[in-house]
Structure formats: C-alpha cells, structure tokens
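S.K.: Following the hints, complete the assembly by docking chain B onto the known chain A.
Residue numbers (this note's numbering), protein chains in the order written: chain A, 5 to 115; chain B, 7 to 161.
Hints are computed from structural coordinates only; laboratory data are not their basis. The structure displayed is predicted, hence computed values, not measured ones. Glycine included, C-beta positions come from ideal geometry on N, C-alpha and C. One or more of the hints may lead you astray.
[Unchecked claim] Here are the simulated distance ranges between beta carbons:
| id | chain 1 | residue 1 | chain 2 | residue 2 | range |
| --- | --- | --- | --- | --- | --- |
| 1 | A | C86 | B | C39 | 31 to 39 Å |
| 2 | B | P93 | A | A30 | 28 to 36 Å |
| 3 | A | R115 | B | R62 | 50 to 58 Å |
| 4 | A | E57 | B | E158 | 46 to 54 Å |
[Unchecked claim] What the simulated footprint calls covered on chain B by chain A, stretch by stretch (three residues with Cβ under 8 Å from a Cβ of chain A suffice, anywhere in the stretch; the number is not a length):
| id | region |
| --- | --- |
| 5 | 50–62 |
| 6 | 66–72 |
| 7 | 75–83 |
| 8 | 90–104 |
Each chain, letter by letter, is given below.
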Amino acid sequence: MKVTSLLELHDLDLQLAEARHPATVAKLKKLGFEPSDPAPLERVRARLLAGVERRWVQHYVRALQRYGRGVVGMRERVCQGCFVTLPTSASPRVGESLTLCQSCGRILYWR
Amino acid sequence: MTTVAVHSVPDSSLFLPDLKLKRKESVLHEMVCAAQRVRVVRDAELLHETLLRRERWCPSAIGKGVAVPNARSLGVLEPRLILARAPRGVDWGASDGAAVHLVLLVLSPSEVGVEPHLERVMRAVAITRSQRNRQKLLEAADAGTVALLLRELAP
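Here chain A stands alone, though its shape is the one from the complex (with noise of 0.2 Å):
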C-alpha cells in the first residue's frame, strides 16, 4: 500500500482547509503571500486519494470528517489525537507505519 499518498493526503488536507478558507487567505495576503486557486490542489488530492488502499481511504475519511484530522502521529505509544497510551500489541507489524487508533480510530503514523 502507498503509505507515502495517505501521507502526502493528509498534508495537503491541511493546506486545503487553509485555501478554501477566506479568512486565512486574507492573512496570508495580509503578510505578503500571493495564494493562487486552489483548484490544483484539489486535482492533486484527487490523484493521491486514488493511490491509497480503499480500507484505509476509509477509515481517513471517516476520522477526517469526525476529527478533522484523519492521521495523527505517534509518540511513546501515545495517540496525538486522543492521548490514549497504546498497548505494546498496537506495535505496526514489522516493515509497516500505520496502524488505526483502538481508542479514537484516526490513523496512526508510527514513523
């Protein structure tokens, strides 16, 4: 599975909030920055939404809507989302990054 795109996604979800939202760009403007349209991030992310496992498509999605955040990152076995601890069983099988949060079920990015 490409988790690079589920990665990649997820960052270009944060610029995307930024771009749709007017209140940002206008601070942006406000600084000395020139956002253009964002509709080329929007084809972007549709071609990186097309390169990731649809098990994981949904349950990005489905914490994306709830959280606004569909993949958080891990530290100490701790959930950046829900600051749960996680078991040592929660451990990524070897050679794999991404496991799903048995607490809040974001996406957890164990890198």
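M.R.: Only chain B this time, still in chain A's reference frame:
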C-alpha cells in the same frame, strides 16, 4: 513551549549561514535535511514534498530578498524556525524580482492548529520587515548571535 524557544535557533545545525545552492527546491531540501539531523523532522521526504506543494499554491517569497516557507506536516516533530542565508541569492520567483538571500523556514507538527502556526509565520515575517533587521541577520557571525537577534527582534 515558549515563544522565545519557538523563534530561537537552538543550535548551530539549524542555522545555515552560507548556502551556495541556486534553486529553491535544493535550498528547501537542505534545510529539511538539517532539521532531520537534529530530530526536528521525522520524515524529510514527506516534508519536502509538502513544502514544494505549498510553494506552488502560495509562493513564500515576500520580497526584499526574503522567503518565509512554512508548513504544518506529519513529517515534523517539533515546532522550529530554521534560518538559512544565501549570499549569492536564490531565484525564488519573488514578485519584486529580487533574489532571496534570507530564508526563514517555519515548521509546525500537524497537530498544531492553523492559527498558532500562522502566528509564528507572522512573527518571522515581522522580523524581516525592516532593512535594519535584515542586515543584522545577514551579517550575524554565528548561530548564537542569530538566536540572540531573533529573541531581540521578535515582536
């Protein structure tokens, strides 16, 4: 984390005083790799891609030889400011046509909200507004001096 800590350059590895690279993509890559070496970044490839994508949507050159690239990303572990100088100038596509000599990279973990992140970007931009401050940063002898300047200049 305090404002001072966020805006200081905590060690010499996050101050790149003499970049000789000519392309902004290479400059960003170098800065991201420097941050990864001190464990501020956990996924350099992801962060670099995110920064480039942001550049395409919202170019970070703000004129007068300054660029303030920034990102919230899963690839970032700690909020940090990384400062690089490019004495020869980098073509960053600024609207005033000026080559960029000063790059302030503002990084935030993805858990940080957009408002706190933009607040940090705003402070970085504010520092470089005046010619006097830009000159001080361009002439600072070492990372310690830059850290002191950033503390002193931060609004």
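S.K.: Now, for every hint given, state plainly whether the structure supports it.
M.R.: Hint by hint, here is what the structure shows:
no., hint, result
1, A:C86 - B:C39: 31 to 39 Å, "holds (32 Å)"
2, B:P93 - A:A30: 28 to 36 Å, "holds (35 Å)"
3, A:R115 - B:R62: 50 to 58 Å, "violated (25 Å)"
4, A:E57 - B:E158: 46 to 54 Å, "holds (50 Å)"
5, 50–62, "holds (count 7)"
6, 66–72, "holds (count 3)"
7, 75–83, "holds (count 6)"
8, 90–104, "violated (count 1)"
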